[in-house]
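> Construct the complete structure from the given sequences, taking the supplied hints into account.
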Amino acid sequence: MSSTIILYQFDKNSPTRDWRVVDDGVMGGRSSGNFYVNQSGNGVFEGFVSLENNGGFSSVRYRKTFQIQSQKTIRIQLKGDGSTYQFRVKANSNDLHSYIGEFKTSGEWEIVEIELTKMYPAFRGRTLSIPNFDKDHIEELAFLIGNKKEQKFHLEIKSIQLI
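Taking the working numbering, the leading residue of the sequence shown gets 1, the next gets one more, and so forth.
FYI, nobody ran anything at the bench for these hints, they're computed from the structure. Keep in mind the model is a prediction, meaning the values are calculated, not measured. One or more of the hints may lead you astray.
Stated by the list, open to error - For lysine to aspartate or glutamate, the following DMTMM-like pairs were computed, each having C-alpha atoms within a straight-line distance of at most 20 Å:
| # | residue 1 | residue 2 |
| --- | --- | --- |
| 1 | Lys104 | Asp11 |
| 2 | Lys79 | Asp11 |
| 3 | Lys64 | Glu139 |
| 4 | Lys64 | Glu110 |
Right under this line is the structure:
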C-alpha cells in the first residue's frame, strides 16, 4: 500500500505568494486570472479568459519538488464552475512542456483523480510525440483554463495529493 503525499493543503494561512498566475498576456493576450485564499481557507483561481489578441488561457502555478515513490494518482479536492480545466505537472520546472490531465467540474465539491501515466505531454496546445508522464519526481503543479472560448471562471481548491 502506498502512502499519500500532500502536494498542497490549503488553509486560511496559506501564502498566496507560493502560487503564480500566468495569463496569455505573456503572448499578447488579454485574459486575466487572480489567485487568493478565501475565508473558508480554500485556494481560489478565478478570472476571465479572453480570445482578444490571440489569447485564450489563464493558469496558476506552484513550484516545489516532490519525490514519487509508489504513488500513481493525483487526487484533487475542488469545486469548479462546470467548466473543463487542465491539471498540469512538470518533472523539471525548466522544461517547456507540461504533462496534462483534463477534468470537467460539476459545480459541486468533488474529488478529481488523474492517473500520472495518463497525463500526456504538450507545449503551447500541441501534444508532443514523447511518452506520457513516467518520471520519479514533480517540480511544478498548475491549473489552466483555455477552452477556446471567452468565459468567466472560478475554481476553488482544498487539497492536492499524490496517492
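> Compare the structure with each hint and give your call.
Tested hints:
Taking the CA atoms of Lys104 and Asp11, the gap is near 24 Å; set against the 20 Å cutoff, the hint is violated. A hinted pair counts as satisfied when its Cα atoms are at most 20 Å apart, and Lys79 with Asp11 qualifies at roughly 15 Å. A threshold of 20 Å between alpha carbons decides the hint, and for Lys64 with Glu139 the separation of about 5 Å falls inside it, so the pair holds. Distance check on the hinted pair: Lys64 and Glu110 sit about 25 Å apart at the alpha-carbon level, beyond 20 Å; violated.
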